[in-house]
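Please model the entire structure based on the sequences and the hints provided.
The listed protein sequences correspond, in order, to chains A and B.
The opening position of the first sequence corresponds to residue 1 in the working numbering, with each subsequent residue numbered one higher.
The opening position of the second sequence corresponds to residue 1 in the working numbering, with each subsequent residue numbered one higher.
Just so you know, the hints here were simulated from the structure itself, not pulled from any lab data.
None of the values given here were measured: they were computed from a predicted structure.
Hints should not be assumed to be uniformly reliable.
When the alpha-carbon atoms are kept at most 25 Å apart in a straight line, the in silico SDA-like pairs for lysine to any residue are as follows [to be verified]: (1) A:92 <-> B:164; (2) A:62 <-> B:64; (3) A:62 <-> B:170; (4) A:62 <-> B:168; (5) A:62 <-> B:161; (6) A:92 <-> A:170.
What follows is a list of derived Cβ distance ranges for each label pair [unchecked claim]: (7) A:116 <-> B:254: 44 to 54 Å; (8) A:126 <-> B:125: 56 to 66 Å; (9) A:49 <-> B:132: 42 to 52 Å; (10) B:264 <-> A:103: 25 to 35 Å; (11) B:174 <-> A:56: 25 to 35 Å; (12) B:258 <-> A:32: 46 to 56 Å; (13) B:19 <-> A:48: 45 to 55 Å.
Note that CB positions come from ideal geometry on N, CA and C, so glycine has one too.
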Amino acid sequence: MRGVGKTFASVVALDRFDFAVREREFVSLLGPSGCGKSTALRLIAGLAAPTSGAIEWRDGKKPERGALGFVFQEPTLMPWTSVAGNVELPLKLLGLDHSAAAQRVSTALEGVGLAEFARAYPRELSGGMKMRVSIARALATAPPLLLMDEPFAALDEITRFRLANDLLKLWQTLGKTVVFVTHSVFESVFLSSRIVVMTPRPGRVFAEIPIDAPYPRAESFRTSPEYAGFCRRVSQTLAQAVAGAAA
Amino acid sequence: MSVEPPVTPEPRETGRRDTILRVVLPIAVLALVVVAWDLAVRLTNTPAYQVPGPGLVVSTLVSDWPILGASLIATLTTTFEALGLAILGGVALAILFSQSRLIEYSLYPYAVILQVTPVVAIAPLLLIYLPQPAAVLACAWIVAFFPVLANTALGLASVDRNLIDLFALYGASRGQILAYLRLPAALPSMLTGVRIAGGLSLIGAVVAEIAAGSAGAGSGLAYRIAESGYRLMIPRMFAALLLLSLAGIAIFFLLSLLSHLVLRRWHESALSPER
Numbered sequence: 001m002r003g004v005g006k007t008f009a010s011v012v013a014l015d016r017f018d019f020a021v022r023e024r025e026f027v028s029l030l031g032p033s034g035c036g037k038s039t040a041l042r043l044i045a046g047l048a049a050p051t052s053g054a055i056e057w058r059d060g061k062k063p064e065r066g067a068l069g070f071v072f073q074e075p076t077l078m079p080w081t082s083v084a085g086n087v088e089l090p091l092k093l094l095g096l097d098h099s100a101a102a103q104r105v106s107t108a109l110e111g112v113g114l115a116e117f118a119r120a121y122p123r124e125l126s127g128g129m130k131m132r133v134s135i136a137r138a139l140a141t142a143p144p145l146l147l148m149d150e151p152f153a154a155l156d157e158i159t160r161f162r163l164a165n166d167l168l169k170l171w172q173t174l175g176k177t178v179v180f181v182t183h184s185v186f187e188s189v190f191l192s193s194r195i196v197v198m199t200p201r202p203g204r205v206f207a208e209i210p211i212d213a214p215y216p217r218a219e220s221f222r223t224s225p226e227y228a229g230f231c232r233r234v235s236q237t238l239a240q241a242v243a244g245a246a247a
Numbered sequence: 001m002s003v004e005p006p007v008t009p010e011p012r013e014t015g016r017r018d019t020i021l022r023v024v025l026p027i028a029v030l031a032l033v034v035v036a037w038d039l040a041v042r043l044t045n046t047p048a049y050q051v052p053g054p055g056l057v058v059s060t061l062v063s064d065w066p067i068l069g070a071s072l073i074a075t076l077t078t079t080f081e082a083l084g085l086a087i088l089g090g091v092a093l094a095i096l097f098s099q100s101r102l103i104e105y106s107l108y109p110y111a112v113i114l115q116v117t118p119v120v121a122i123a124p125l126l127l128i129y130l131p132q133p134a135a136v137l138a139c140a141w142i143v144a145f146f147p148v149l150a151n152t153a154l155g156l157a158s159v160d161r162n163l164i165d166l167f168a169l170y171g172a173s174r175g176q177i178l179a180y181l182r183l184p185a186a187l188p189s190m191l192t193g194v195r196i197a198g199g200l201s202l203i204g205a206v207v208a209e210i211a212a213g214s215a216g217a218g219s220g221l222a223y224r225i226a227e228s229g230y231r232l233m234i235p236r237m238f239a240a241l242l243l244l245s246l247a248g249i250a251i252f253f254l255l256s257l258l259s260h261l262v263l264r265r266w267h268e269s270a271l272s273p274e275r
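What follows is the structure, given as structure tokens:
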């Protein structure tokens, strides 16, 4: 998969924004608030159209319905239906009948460790569990590409760490490509195989930093000197990106 | 994979005491007022054609039940027919508005005009052009449909932006967005509209019956009140008024219960306050 995007919005959110994603990569878009990270993600998802430039896909055509999953900053669940009903939604919209969807729903829920909460309602869940449901919903159609827009930003740190660990495991076992938007240096270093550092408005690619620490990355990676080294490098690059724009 | 424990509600003792107070206090006030009323009538020797005592009102209610019961059923029939049509009309119009801005811009002002024109003023005209039962029904419908329309339209319009994006991501059709997203999201405010409309359709029916008044064919409770007034049957007026109040209260509780049953699994308004 190869996406090259460039765009202008009415306010210039992204300017000659250009980067490629390879298959099975875990790429983070890292930048300060308002640098157009989310806009970039929405463009990839086809939720907005670029004002200039284009998004190119490897096989030359746009992904089919259900070929990409999107996880929003908030869980964005429908409160009127159960966890299973929420996860079933994408399948229902693609025209699968209930019995055909049931198997996929339970697989997706098992993947995020919520199999026994299928009948619960969103109101009864904690913030972290809601986010798991949101991830399960994005995975329900078994999309090769997963787009995540600061999905853990509203969670407390303990929950965030746990979800990050679990997300990495899912990514490895399912062999997805992930584009992950974040403003956290530490989160992006822990998760990513590559980090795209962006400048503040208008958003541009400032630098690309490969994080070539081997997977699987366990909890111990968070405290390793190697991790600290990557974090320092990425932080410095981010600082330069912000300073460069201010100058 | 491990998972955080679910949030469970924790019932508290103070909550239960609060519920008891909510039931007991209004009943105590009622008892106090009835006793005071009774005493006042007795001590001042007020004749029943001026103010009847509570005992007489109740005994009139029992003795006149054949007439009053039939009238109650007539009024309630009108009320529920009007409510049903108001829900149908209000929801259908709200859906139409949500699908087409042009239709909304063309028709919404007239819905408002219909609402702000006092129904007492419209009733005599309707009574000229429509047979009486239809005119009464039309009056009740006019006052009841607007809250359903306004609240449903609001609910259909206030949908989580991210959910709309999600539906767009999977290429949902307009019909799918309406059925799976907008209508369920609008349900709480729709039910609020229905609850308001329940009370209003009773008021509309009563207003129209009073306006119809001397036309004679009517047999609803409001007609009985007007008729009893002309004939100085004051205890029966009170009894009919009591029945109307009880009907109003019953409709309110019925619709509140319906709303609670529909929303209890998910909506904030159905949560018990102590959580």
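Right, here's what the structure says about each hint:
no., hint, verdict
1, A:92 <-> B:164, "15 Å, holds"
2, A:62 <-> B:64, "77 Å, violated"
3, A:62 <-> B:170, "13 Å, holds"
4, A:62 <-> B:168, "15 Å, holds"
5, A:62 <-> B:161, "23 Å, holds"
6, A:92 <-> A:170, "23 Å, holds"
7, A:116 <-> B:254: 44 to 54 Å, "37 Å, violated"
8, A:126 <-> B:125: 56 to 66 Å, "60 Å, holds"
9, A:49 <-> B:132: 42 to 52 Å, "60 Å, violated"
10, B:264 <-> A:103: 25 to 35 Å, "30 Å, holds"
11, B:174 <-> A:56: 25 to 35 Å, "30 Å, holds"
12, B:258 <-> A:32: 46 to 56 Å, "50 Å, holds"
13, B:19 <-> A:48: 45 to 55 Å, "50 Å, holds"
Violated hints for the displayed structure, listed by number in ascending order: 2, 7, 9.
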